[in-house]
Amino acid sequence: MPEDASIAAYAATFAFGQKDSVASTTDDARRWWGALAEWPGPAPGAPRTFTDLAASNPDAAVIAVMSDAYLRPCAHDLQQAAEKLVDPDNFVIIGPGHRYPDLENFIVPVSAAVQPAVGGSLLSLHARAARHVLEMARKQQKPFTRPTLAALMKELRESAPPAISRTPGARLSDDEVFAFIRTAMAEEAGPVSATKLLRRLRSSGRSCEQARFKGLFQKIMQEDALKDWS
Numbered sequence: 072m073p074e075d076a077s078i079a080a081y082a083a084t085f086a087f088g089q090k091d092s093v094a095s096t097t098d099d100a101r102r103w104w105g106a107l108a109e110w111p112g113p114a115p116g117a118p119r120t121f122t123d124l125a126a127s128n129p130d131a132a133v134i135a136v137m138s139d140a141y142l143r144p145c146a147h148d149l150q151q152a153a154e155k156l157v158d159p160d161n162f163v164i165i166g167p168g169h170r171y172p173d174l175e176n177f178i179v180p181v182s183a184a185v186q187p188a189v190g191g192s193l194l195s196l197h198a199r200a201a202r203h204v205l206e207m208a209r210k211q212q213k214p215f216t217r218p219t220l221a222a223l224m225k226e227l228r229e230s231a232p233p234a235i236s237r238t239p240g241a242r243l244s245d246d247e248v249f250a251f252i253r254t255a256m257a258e259e260a261g262p263v264s265a266t267k268l269l270r271r272l273r274s275s276g277r278s279c280e281q282a283r284f285k286g287l288f289q290k291i292m293q294e295d296a297l298k299d300w301s
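So the sequence shown is numbered by my numbering: it starts at 72 and just counts up by one.
Bear in mind the hints are in silico, worked out from the structure with no lab data behind them. Heads up, a few of these hints could be off.
In silico DSSO-like pairs for lysine-lysine, Cα to Cα no more than 27 Å straight-line [claimed, not checked]:
(1) Lys285 x Lys90
(2) Lys90 x Lys290
(3) Lys267 x Lys285
(4) Lys225 x Lys213
Here are the computed distance ranges between Cβ atoms for each label pair [claimed, not checked]:
(5) Ala188 x Pro218: 16 to 24 Å
(6) Ser127 x Glu247: 50 to 58 Å
(7) Ser230 x Pro159: 25 to 33 Å
(8) Lys267 x Asn176: 40 to 48 Å
(9) Ala282 x Pro159: 30 to 38 Å
Just so you know, even glycine gets a beta-carbon here, dropped at the ideal spot from N, CA and C.
With the hints as extra help, turn the sequences into a complete structure.
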């Protein structure tokens, strides 16, 4: 969809095992992707698949930045999209390598080795690595082709500093995380965020997965909001 299209907030993911997962198997996820493509969307007439996007401008570069969870349902669509472009080198998938043999020739692989260079968490690593190499290509006035982006990704990987070895903190249960959040919120002056509190938790030698911590934080915020209304 176009970047200026108006969409409603939603909670849905192709990742398996989440409360907002749209499917529990790869086949179901592919069917969900196909059904979604049949919906006109918020901008009727605009491309709804990678294949449609490539067919609408076969001389352009098409770059898909995807995690493994999204490659699974979109694999067939991506293969068809590559066939629509005049120059195959203009089709690029930035994501995990060595997962899908039929797509391997199109993938610029991203590995955890680049994380020290681009920062952030592994959850958004593909997006940050993609932004880095695209910005480098633009600054160097190079085309957004697969050979160019693959070379820049290789440079990024080889120049990245070694990852800092961290001793894992003590993992907390949901009840323990709830108690920590409640205590920390009472001690903080002014508004707090899940990110700020998770950083405080980890600095104390304890640990909790980012997604789980955020979910528990949001649950507490919802409970407090209901109390305010009652």
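Status of each hint after checking the structure:
| no. | hint | verdict |
| --- | --- | --- |
| 1 | Lys285 x Lys90 | holds, 14 Å |
| 2 | Lys90 x Lys290 | holds, 14 Å |
| 3 | Lys267 x Lys285 | holds, 11 Å |
| 4 | Lys225 x Lys213 | holds, 15 Å |
| 5 | Ala188 x Pro218: 16 to 24 Å | holds, 21 Å |
| 6 | Ser127 x Glu247: 50 to 58 Å | holds, 52 Å |
| 7 | Ser230 x Pro159: 25 to 33 Å | holds, 28 Å |
| 8 | Lys267 x Asn176: 40 to 48 Å | holds, 43 Å |
| 9 | Ala282 x Pro159: 30 to 38 Å | holds, 36 Å |
This entry satisfies every hint, going by the numbered hints stated previously.
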